[in-house]
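Using the sequences and the hints, build the whole thing.
Listed here are the chains, written in short residue letters.
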Amino acid sequence: MDARIGIRNTKSILFKSFIIFLAFVVTLPLIIVLLYIIKQGVMQVNWHFLTHVPAPEGEKGGGIANALVGSLLIVGMSSLVAIPVGILAGIYLSENPGTKLAYYSGLCVDILQGVPSIVMGIVVYFWIVKPFGFSAISGSIALAIMMLPIVIRSTEQTLLLLPPSLKEAALSLGVPYHRVILKVIVPCGFAGILSGIILSIARIIGETAPLLFTALGSNYLSTNVTGAMESLPHLIFTYATSPYDDQHDLAWGASFILLMFVLILNIVTKLITRKWKIQL
Amino acid sequence: MENTVVSATNFNAWFGDNHVVKDVTINIEKNQCVAVMGPSGCGKTTFLRCINRMHELIPGATAKGSMKLYSDEIYTMNPIYVRYKIGMVFQRPNPFPNLSIYDNVIAGYKLNGLKVPKADLDNIVQKSLTSAALWNEVKDSLHKKGTFLSGGQQQRLCIARAIAMEPEVILFDEPTSALDPISTSSVEQLFHELKEKYTLIIVTHNMQQAARVSDKTAFFYVGELVEFDDTKQMFTAPSDVRTQNYITGRFS
Amino acid sequence: MDKNKRLDLSYSQMKWETIFKRILSVMSAIIVIVVAGVLITLVVESWPSIKSLGIGYLWGKVWDPVNNIYGAYPFLIGTLLTSFTALIISIPFSYAIAIYLGEYNPKGWLSDLLKNTIELIAAVPSIIYGFWALFVLVPVVRSLETKIHVAPYGVGVFTASLVLAVMIIPYAAALGTSLIRMVPSPLKEGAYALGATRFEVIRSVILPYTRSGLFAGILLSLGRALGETMAVTVLIGNTSAIANTFKDIFFGPGNTMASVIANEFAEADHALYLSALIELGLVLFFVTVIINLIGKRIITRYTNN
Ligand SMILES: Nc1ncnc2c1ncn2[C@@H]1O[C@H](COP(=O)(O)OP(=O)(O)OP(=O)(O)O)[C@@H](O)[C@H]1O
Ligand SMILES: [Mg+2]
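Protein chains in written order, with our numbering: chain A, 1 to 280; chain B, 1 to 252; chain C, 1 to 305.
It should be emphasised that the hints constitute simulated quantities derived from the structure, not laboratory data. Beta carbons are placed, not taken as given, at the ideal position from N, Cα and C, and that holds for glycine. It is possible that part of the hints are untrue.
[Stated by the list, open to error] Pair ranges (Cβ atoms, derived):
hint, chain 1, residue 1, chain 2, residue 2, range
1, B, SER150, C, ILE89, 55 to 61 Å
2, C, LYS5, A, LYS100, 38 to 44 Å
3, B, ILE58, A, LYS100, 41 to 47 Å
4, C, SER143, A, TRP276, 47 to 53 Å
5, C, ILE33, B, LYS118, 45 to 51 Å
6, B, ILE58, C, LYS51, 51 to 57 Å
7, A, TRP276, B, SER100, 17 to 23 Å
8, C, PRO106, A, LEU107, 30 to 36 Å
9, B, ASN31, C, PRO186, 52 to 58 Å
Okay, here's the thing in structure tokens:
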């Protein structure tokens, strides 16, 4: 009898060790990738690198200013579209649960969340690039559509957690509905909505596939949003697969910068959610 | 009747098919404190929320009949205007967590985007907090968040917030049921002062409280207004057997 | 403030209320319109291919744009092979994380640290994984391939699957963690009271109780794997021909639906070619959407019980 209990306990302990081993081993690839990118990338980054466009093929030097400016512009324009639409749609979903429109748009949010980014890229190609040509705007629209589900869901979840008494208090003071939402409900859920927005930006800033056939890429520093524009992930993709070592170096540097953006945005989200104890 | 402020005539309210307020007729006079009593689920809250048209905000909720503020039909008035004129205080204190004490008091102005000079606002804040017997306790921390106050202070802050709009009538839905005895008695004392200026309608489960603060009492039973009379009369010699049973504790 | 001014204000605010409500509805209708637009665009643009190639397109074995021959079979095989290989590799790890964070160590700094690190795995852009693997993992795989006597391409289905496996772990792991945390403690305590060990409780109470939820997590991971584009495009070797033996298919270069679109869309120079590519996009859309919706449905049903 004692022996059997001993065996069962040993089994339990072995299983636990095995689980702990598997769980922590997963962090290895991430750590290896991060360290490698930092090691390769950090040497590339200097003022020259940030302020110059790539040197012509086969030549040394140059930088990624075009991709940096392009990424910021493209992501900025996406946010300009996706944040207001996403917040308002999220408000609708949390305020009108059970309506037909809420059901279908909730379903469509779920669908959008699962659409592969490459598919978004080709669809926006037909919507905008085919009639108007390659442009930063078309890339922004593809990315905005990818931002929407995250902004909508985080807004909806945040607002659903607010106590109904808050809304009643405002309504009983004769505050009209739009002001109740915009001046009371949204400010009270501000932290949650904000962290959703930051998370969605972190998600799209590294997206490459939707930009392949929309913003395309460009070797020049351009702020013309109706023309083709370079971006960090697209630059990494083109130079990663090029045969020139100098271009690989640019890509490592760009990867480092992109990684820093993503890390910082994720950490900021974490800090916000921790400070205000939100669950996303 | 010169003195009537709120009057309901054959008033009915529903949640979907659930007939919750049945044919209620009542006249409430100026500067009176009216207690509304009755067993749980009898429609007290619903009736109260019909008076300032908060009832209709719940999906599926409907109402029918006449409800007047003075001589104006409330249900043809602008609901936003109705709620300026008829303030409300809830069961749980609900100050706005994103606003300071100061801003909570003037929330009705601020949230409505009403342009009021700063000096007037200061004035309103001081007057309202004084009327709500809170001024002395918070005058040095007006710019702290309202949620830092104790439960009883928060409830008085909510009362100040309602007073600040200079309403005719203030509705209270079990205003002390979430408070400790000391806070309760400080809120009860307030009622005596408030009815000098306003008409008060208070839903309460606490019979002692009704006896202490109200001039008249309305007794509801399964959606009907069974009896409405002077509080003293009601507690000493109720005319309806259901009221009597309730008062003597045969059911709750 | 006098009565009239307040009344006027109330009326203008009532108007704004209506407008605001209208705007909210329109914004949420936009989502429906976008999804409908995506679907319609995909169907319309792939119509030439659907019409002229028919359903046989899906199992046509040859993809030869030069001679105008289009068959999707190589990409279906490539997609399924990479995704399921990645899934099989990832499942033990996802489950281990879920069990560790859900049951063994649900609170505390170590648990938080691991949880945040796992979330970070999903945050790193896929192109960065692809780039890194191309320069670090590919040479390793190449020398491995030499040892086991297959053509040492380095790039290919196997390499792509390895990277994909890491990338999809967070999805199933996060869901699994929260589901395991939701197991009612009376259930577990009942088993402990009967003298069960931790392992026995996990095996015979927690895992059966969370089975359908964990399955939904796997579906979400699978949905990610099927649609993942950039890392795979960089690593899979981009060959549309199918090798003869399974070993060569598995270790050799290939293509997935997503990677062939990424590679050839820009150079598709005639209508049928382009249309055939978009039909791949349409198939990909349907498959990922259905898998995701089933996963979400299971989760909602599970969390409502
Ligand atoms: N939001 C709602 N939706 C549907 N039915 C409701 C809703 N609120 C209340 N009811 C129903 O209306 C009836 C009256 O409820 P009401 O809240 O007015 O009672 P009450 O007298 O205030 O009770 P209590 O003393 O418990 O506060 C109840 O039968 C209740 O089930
Ligand atoms: Mg009530």
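Next item on the list: Check each numbered hint against the structure and report the violated ones by number, ascending.
Entry: 3
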